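Student: The whole structure should be built from the sequences, with the hints applied where relevant.
One line per chain: the protein sequences are A, B and C, in this order.
Reminder that position 90 of the first sequence reads as 89 in numbering that gives the first Met the number 0, one-by-one numbering, no gaps.
Reminder that position 149 of the second sequence reads as 148 in numbering that gives the first Met the number 0, one-by-one numbering, no gaps.
Reminder that position 9 of the third sequence reads as 8 in numbering that gives the first Met the number 0, one-by-one numbering, no gaps.
No lab work stands behind these hints, which were simulated from the structure alone.
You can take every hint at face value.
The calculated label-pair distances, taken between Cβ atoms and stated as ranges, are:
no.: 1; chain 1: C; residue 1: L165; chain 2: B; residue 2: T1; range: 38 to 46 Å
no.: 2; chain 1: A; residue 1: E57; chain 2: B; residue 2: P188; range: 56 to 64 Å
no.: 3; chain 1: B; residue 1: L16; chain 2: C; residue 2: L165; range: 21 to 29 Å
no.: 4; chain 1: A; residue 1: A229; chain 2: C; residue 2: A103; range: 46 to 54 Å
no.: 5; chain 1: B; residue 1: C176; chain 2: C; residue 2: V215; range: 42 to 50 Å
no.: 6; chain 1: B; residue 1: A20; chain 2: C; residue 2: L165; range: 15 to 23 Å
no.: 7; chain 1: C; residue 1: T70; chain 2: A; residue 2: N373; range: 41 to 49 Å
no.: 8; chain 1: A; residue 1: K242; chain 2: B; residue 2: L254; range: 48 to 56 Å
Since this is a predicted model, take the numbers as computed values, not measurements.
Positions of the beta carbon are idealized from the N, C-alpha and C atoms, including for glycine.
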Amino acid sequence: MTFMKGNFQKFATVCAVALMTGMAQAADKPLEGVTLNLASMNDQFSAVLAQIAPKFKEATGAELKVDIMDYGSLLTKTTADFVGHTAGYDLITMDIVWAGQFAANGYTVDLNELMKRDAKDLDSADIYPKLMEALGNYKGKQVAYPFAGYANVLAYRKDLFDAAGLKAPETMEDLVAAAYKLTDPAKKQYGFVANGQKGPAVAQDWMQYNAEMGGAILDKDGKPALNSEANIKSLTVYRDLFKKAAPPGAADYDWGGREESFRQGIAATMQTWSVGAPGYYDPKTSKVVGKVAIALAPRGKGLPKIYGIGGWGMAINADAKDKQKEAAWTFIKWVTSPAIQKEMNLAGAGSYIRKSTVADKDLNAKYPFLPVLNEVFENGDGDYRPRIPEYPEIQDILGTAVNSVLVGTAEPKAALDAAQEAAAKLF
Amino acid sequence: MTTRSLAFDTARRGFLLLTLAFFLLPFLWLAMTAYKPSNAIFSIPPHLFFEPTLDQFRNALKIFDVGSLVLSSLMIAGGSMILSLMLGVPAGYALARSSHPAAMGVAYFFMTIRMVPAVAALIPFYLLMRDIGLIGSWMSVVLINCVLNTAFVSWMMFSYFRGLPKELEEAALTDGCRQFGAFWKVSLPAVRSGIIASALFCVLFSWNDFLFAMFLTRLDSKPISVALLSAYGTKDITWGTLGALAHFSTVPIVLIVLVLNRYFVQGLTKGIN
Amino acid sequence: MTNIAMNLSSTDQARAPSGLSSIPFATRRKFFLVAMALPAVAYVIALGVFPLVKGIWYSLYEYNLLKPARTHFVGIDNYVNLLKDADFRGAIANTVIFTVFSVAIELVFGFIIALALWRDDRFNRVCLTLILIPVTITPLVVGLIFKGLLLADYGMVGYYLAQWGLTDPRGLFATPSTALATLIFIDIWEWTPLVALILLAGLKALPGDLLEAAAVDGATAWRTFRSITLPLMLPAVMLALTLRTIDAFRVFDSVFVTTGGGPGNSTNTLMVYAVKEGLSFFNIGKASAIANIALLGVAIIAACFILMIRHFDKRANGR
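Tutor: What follows is the structure, given as structure tokens:
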């Protein structure tokens, strides 16, 4: 009997302690009971986001539910959520090219006020100004907060370059020459690879090379200029590269296909988002471990040294209730803080926004290419894919036009003339 | 057995085995990716052998709550099947038994509805679901799947009931059964196999539907067909994850088909003639 | 019908003269049948027809959810622009080619498989079960399977096809002349088993004595097939034909994940076009117009099938 009594007392004490700690926790955790729904792109960072969600709950009490989607579903579902005012998602990862669309329609909260209010918590001087601009600022409106910055870099096969006595290409002309030199179809060795598949895949890669060769999608007044001399010339070079220096299947590659070809070792150079780079160093996924170097993307001779940036911002749904908005903002502050940024990247998120993260010793030990990222982010260009409201349509028009040229059903000039005609109708 | 028919039988079996290989090997390839290390999914030249690993399943489970996905799929498929049968079977019966010229018109109308391109109905349906507060629930997907399924079931059961001799019910009716009783106790059991066939078509359709479910569900109600596409990310290697997830989307439905297969053939047999 | 009705009303009156039974049976029967059909009809009209009517309404507007300020009534402009649009005409042609070829080949191939599976033995039962697996796989995944297999540079099948010179080195999907045929092939892979199943069910329902009689008469296998099997199989063939045509005409998933309509526009189908306009650009006016034209197309096909079914019905009943 005494035994039982003793036990009961112990039990009661444990209960009381648990209750008190529970209450104490509730006091420290202002967001207890809040649930945040995050619509996330399925990218390297998404698994990490899901992984750190419990940590956020520990810190603030709010539960974070991460809905991971492919690109098309993400765009469709979040847009439906915005235009239907259904407020199903509180937080949305925003591709940088959606900024114009979001700003024009006021889908997301303009973060300027909140950023001013909480300036001292944000340490925003540590965030690359170019990323702050490109990953969410559109004509003064901060429609999203920078979350995952990607740098366009050149990945190349150091072993093949060395064997051929070539140096890392500094200009676009060098790259093209090297691509032809390193191509030997008999050995299944190709000098170049890029996305060729109809749609966003081919459009985005071409826009990158086009900018590097001195072309542009819009003219000075912000109107489409798809069939400019420079664009036609760059598309011709691009097509010839595909014909003579790329793996034959490249005309059908999307991002996954392109990356796989590089990891399989059949391509000697590839421009890519930095987020994929850790994969080349991982023997579990790559057959080119130890043979790859990451360098700054080349530019045409005489062109300014600026580099393509892309990635994702984190936006708050304008239709969310005030309490949700405040909680979502708390999440953004938390997830972009230096400590969490470092943790995410150690876990393989491949997403950088802070100078301190890029300079971090532990991360540099793991990912030797971070200095390249620093250079790109300092001199970044987030507008080679125009971040205007009409972007999705322009991308689609180019996606068909460039693909037609690559598979040989149209000539560069004719294709771009037709594309220009279609694009002009959008304005 | 004569030599000639034996030879014929062997040829027949050989043909079937080849056909089986044709229909199964592609799926087998995807299923195998789930057990391959990421760097062995593709190779140049392609080869067949690899060291099996369960990493891909681990990756898939890290990103997706597979239990919840399968549950959602089951709820959506089951829910829309039950509702469509409840609505469609009586309608098929009524159309088959009515001699009014309008009956054929209604059957035609159902057939046309079954053909409606999903995209035509999606946006208006989305706004409708928003207004009645069902966005993001299983129910919304069940409701829209049910439109097509009800139309299909009515149309299919229409032909089943037509194939059923009227004398059966007439006898029951004269026996003093009320009309519903005659339908319930006599006609329905006689087309049981047809109902199973319809049910299977409903389940297959809802289980595999992607567009409606992608548009109308949220994280908690997302079925596995939608997650499959999400698994195919852009920059990451995702064939293995896809292969792993495909197990969870295929095994349940294959089991259902396995169990009901015999009724399926019987059901169709009766309905056609 | 009237016969039984009279029979019934007399027995009813004799047994239990209630309020209901004072109404003649024929009327009650009518009410009963209407009551049975009503829920389904009402449901389909409420949730299916309502959005469709809205879709017709939308198609008369310039209506883009992302550009709400531009919304205005344009009459039939959306339709006129589509008919002038070469991409759209190409999409119609691709859709028709896709439907005709995939359905025709599925029927022939499916019939051969059904004949091979006709005999009811253990081997065939196992075969039938296994052969149905493609049908159970989500079309999206089917598309991805073939995308992975057919990659020209390192896909399990595509690599050898290109290596042995059987296909263009760019691979089947990247070559404009073969992309659509490859998609037809995928459709055949996925749906032939279903066609075989439906036709097998038809075969199993054939009256065995008729076939035996033909055999005794000394008819050749081919003649038996042509003059007895085939005509009796028509209902099953019609079911398979209708189901497959409807779904082939609306093909979307497998195209969407493999070629996205490319290369160029060589595999652009009506649904791929409509979904792109509707769900990527939220250009609801144009998407609705495309969908409505597609619907008109299917409705015409449906009407043809209905007429054919009725024709066979009449012939069967007349016999």
